[in-house]
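> Here are the chains, one letter per residue:
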Amino acid sequence: MSRAARRGPSPLLVRVAVVVALVVAVTGSGAGAGWALWTASNSQKVEVVLGKTGVGFSGAEPKSVTFTDRGVPTVTSVRVTNTGTVPSTWTITSSIPSTSSDLSRSLAAAVDVQMWTKGAAECGTTAPAGAVAGTWAAPPTPTGSLAAGAVADVCVRTVPTAAAPTGARVNPLFHVRMASTGDWAATNEIRDFYQLTPTSWPVTVAQATCSANDPYEAQLTFTPDPAAGGGTYAPFVGDRRVGAKSTSADYPHFMFTRDDLPEDPYGNDPIRVDIRPMTGEAPGPVVATGTVRPTRDAEGLRGIQC
Amino acid sequence: MTARRSTVRHRAAPAGALRRLWAVTAVLAGAALAGALATGGTYALLSSSVPAPAGTVRSGSAALAVESSPVVRLQGLVPGGTTTNATTMRNVGDVPLSVTVAAADVTAAFDDGPGSTGQGASLDELRLRVTPVAATADCRPGLAGTTQYIRAWATPTTVGAPLAKGVARTFCLEFLLDEDAPSFVQGGVDGLTFRVTGTQVRS
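Chains as they are written, first to last, in my numbering: chain A, -10 to 295; chain B, 66 to 268.
Hints may be right or wrong, so weigh each one.
[Stated by the list, open to error] Under the rule of at most 25 Å between Cα atoms (straight-line distance), these lysine to any residue pairs were calculated in the SDA-like manner:
#1 K34(A) x Q140(B)
#2 K34(A) x A233(B)
#3 K230(B) x E132(B)
#4 K34(A) x G125(B)
#5 K34(A) x S124(B)
#6 K52(A) x S237(A)
#7 K34(A) x T201(B)
[As the list claims (entries may be wrong)] Under 8 Å between C-beta atoms, here's a sample of chain A residues computed to sit facing chain B:
#8 T42
#9 V44
#10 G171
#11 Q196
[Unchecked claim] Covered by chain B, according to a simulated footprint, are these stretches of chain A (three or more residues, beta-carbon under 8 Å):
#12 30 to 38
#13 172 to 184
It is worth saying that the hints were derived from the structure and are not from the lab. Yeah, the Cβ is synthetic: ideal placement off N, Cα and C, and Gly gets one too.
Take the sequences, apply the hints, and build the full model.
Right under this line is the structure:
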């Protein structure tokens, strides 16, 4: 064994090694300390509310209409309301119950039906050029678009043709579908609308007698018709009931002020008032018809006379 | 003879010490060079200085400010439809930031109450597209940004180049509802926190 091996590393080399280690340690540790990266964040809360379809469906008043004669039209309307949150397209389809009798089906095929949106024309007895047409057996299908919350009134004009059987009844079912995109849609129905034909053509309607005891009130007196059904009677102007007025067969009178009756579209023209029997809230066929006349006195106050 | 040997040893000793000195110097120089390389700097000893005026030494910062409404409600999304919202973030810190975006706190609720049939299902039908745009007015449907379902946005995704100090970036958020979104998810309310995170860029 040599003397150097026996003595080990010299003290000088040990000192040098320590210095080198310190230099590397000090400078090397600086390499890892300088790269702690800063971060920052901020945010925004976002809510995405999906659309929703919805449809309201009302109208077809009165619920029961008796045709007075072949070729004489009746007009009613239904109201479609977009109760959803998105613009949608509505479509009305109609049908008759599958359980309808042969007589009812015969009437359904013998009633001409025209429908149009009221915006294009009022719900008068004459249909506009753009009306869609059919019969209750092959009904028309009106359609349109509505913004959220908007409404459409659809006029329904029906005329019994010469083939319409007497003593028949048809129950047209109105079905509305409010559709957005994809499969999104809402539906609604009116199922309690009836049209009838009398036992013989034409139907004669009794006159209600008008009387006025002062310038501001007029009274209509009618003859009750027990065969028409219902224990009470109510007045109607067109297809709209006059307020909540009703009376029984024991007191067949209605008293009206000018404010009881609709202003528009009648203005100061004579107003025809139909009296119908009521079964619950469902009106029956007209049993009497009377006429009253709006007036103004010398001071311009609104009155009503016969 | 002895004196001669002694003379030889005397002459040999300075040569060994010189070699050790050279070795030590080389090692020290190598170590210093290694250390300098590791720190990325140099040890130039030349220096100069002037007295600094009295002042405050303040550290830098990284910060993002949202310049849009902190809460947004988008309405009326239907199958196959889209709705957009632009949100702007500004780098108000002292360093450039690389930017990632993510959707956090994702929720789904229904107008008809919790536990309804469609609870949460709308999230499977709702996608989010994020596109950096020059201005709010440029935010419109059909841009070319990354599009993925809402839940997938939980993973931060880099959007656009790093954001320099003081610069703002507008993100166009386009929400798309699948065309086959089922009817029972109608009226659902999907919520999320659109989070933008900036990380200091190594200079």
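> Each hint should be assessed against the structure and marked as holding or not.
Verification of the hints:
1. K34(A) x Q140(B): Holds, at about 14 Å.
2. K34(A) x A233(B): This hinted pair holds, its Cα atoms lying about 19 Å apart.
3. K230(B) x E132(B): Holds, at roughly 15 Å.
4. K34(A) x G125(B): Between K34(A) and G125(B) the Cα gap is close to 28 Å, so the pair fails against 25 Å, i.e. violated.
5. K34(A) x S124(B): Answer violated: K34(A) to S124(B) is near 31 Å, above 25 Å.
6. K52(A) x S237(A): holds (20 Å)
7. K34(A) x T201(B): Measuring from Cα to Cα gives roughly 17 Å; hence the hint holds.
8. T42: This hint holds: T42(A) lies near chain B, its Cβ roughly 6 Å from the closest one there, short of 8 Å.
9. V44: Violated, about 13 Å.
10. G171: Hint holds; G171(A) Cβ to chain B Cβ min 3 Å, cut 8 Å.
11. Q196: violated (54 Å)
12. 30 to 38: Since three or more residues must qualify, the claim that chain B covers the segment 30 to 38 of chain A holds, with 9 doing so at under 8 Å.
13. 172 to 184: As far as the segment 172 to 184 of chain A goes, the hint holds, because 3 residues have Cβ atoms under 8 Å from chain B.
The structure shown violates the earlier hints numbered 4, 5, 9 and 11.
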